[in-house]
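Chains A and B, in that order, give the protein sequences. Taking the working numbering, I'd label the letters of the first sequence as residues 1 to 159. Taking the working numbering, I'd label the letters of the second sequence as residues 1 to 86.
What the hints contain is simulated information worked out from the structure, not anything from laboratory work. Do not rely on the hints blindly, as some may be mistaken.
Straight-line C-alpha distance at most 27 Å; calculated DSSO-like pairs for lysine-lysine [as the list claims (entries may be wrong)]: (1) B:Lys37 x B:Lys6; (2) A:Lys34 x A:Lys87; (3) A:Lys99 x B:Lys2; (4) A:Lys41 x A:Lys99; (5) A:Lys34 x A:Lys88; (6) B:Lys37 x A:Lys99; (7) B:Lys2 x A:Lys34; (8) A:Lys87 x A:Lys41; (9) A:Lys99 x A:Lys88.
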Amino acid sequence: MAIGGTDEEPAEGQGGSMNASKPQEQRYQFRVLKSTRQLSKWTGVWVGTVCLMAFGPLSLWNRGSVFTLLAAGLNVCVGLGLILAHKKFLANMDELQRKVYLDALAITVGTVFIIVVPYAVLDAYNFVHLKTGVAISGLVILMSLTFLASLLYGSWRYR
Amino acid sequence: MKNRLKVLRAERNWTQAELADALEVSRQTVNAIETGKFDPSLPLAFRTARLFALRIEEIFIDEASAQNGDGVNAEAGARDKAVAVI
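Kindly produce the complete structure, drawing on both the sequences and the hints.
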């Protein structure tokens with residue numbers, strides 16, 4: 001790579017070796033892009049298995065069929081792959097990106113605890129009551145929105 | 001913690017993207033370090049020092065010891081002031 005618009009390599013001791021000779025697959029941007037693509041693929045496949053599990057019994061096979069169990073098993077297996085892809089994605093981030101990401105995850109977990117614990121107590125005393133399905137959906141939406149907002153805030157803070 | 005990363009980069013006519021590529025971090029990280037919003041880890045500080053062929057304390061300045069007029073840090077601080085004046 002030419003530095004500062006010249007083709008000359010900087011002199012030794014001037015802070016020389018930019019990673020021009022580094023293979024493409026070892027470079028940071030390439031590794032991040034690759035792990036992001038892998039994570040996207042795994043997420044897509046996982047969402048597909050969730051759809052299969054949710055809508056398969058309604059349109060592809062009879063309710064109570066063994067296929068429903070197989071779809072659930074497939075969803076769990078793909079979920080494990082998704083977790084590993086997520087772990088790899090985190091490992092390939094640089095330290096600031098990782099900090100922003102982990103901060104966002106911490107805020108999400110904290111928010112869920114703050115919302116869920118009082119809700120569970122109020123539910124126990126019949127102050128509030130939501131159907132289980134609605135409560136789980138609400139929780140997933142809450143987690144997603146909190147994570148997204150925290151991630152955007154973190155990126156803006158260190159922009 | 002202050003640092004001289006922006007000055008050192010400017011001396012070599014490197015862009016933030018080029019420096020980020022050399023340090024294997026994102027451009028956002030280089031910018032955050034330069035503006036003092038983020039302090040790098042020790043491995044990244046070592047990588048930076050190696051790239052510029054300087055000692056870590058010639059790049060990163062502990063503000064407490066700089067105020068006490070401490071050795072290399074004070075020297076680096078004085079150099080920064082001189083560059084700023086120029």
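Hint check:
{"no.": "1", "hint": "B:Lys37 x B:Lys6", "verdict": "holds, 13 Å"}
{"no.": "2", "hint": "A:Lys34 x A:Lys87", "verdict": "holds, 13 Å"}
{"no.": "3", "hint": "A:Lys99 x B:Lys2", "verdict": "holds, 20 Å"}
{"no.": "4", "hint": "A:Lys41 x A:Lys99", "verdict": "holds, 24 Å"}
{"no.": "5", "hint": "A:Lys34 x A:Lys88", "verdict": "holds, 10 Å"}
{"no.": "6", "hint": "B:Lys37 x A:Lys99", "verdict": "holds, 13 Å"}
{"no.": "7", "hint": "B:Lys2 x A:Lys34", "verdict": "violated, 34 Å"}
{"no.": "8", "hint": "A:Lys87 x A:Lys41", "verdict": "holds, 14 Å"}
{"no.": "9", "hint": "A:Lys99 x A:Lys88", "verdict": "holds, 15 Å"}
Checked against the numbered hints given earlier, the structure breaks only hint 7 and satisfies all the rest.
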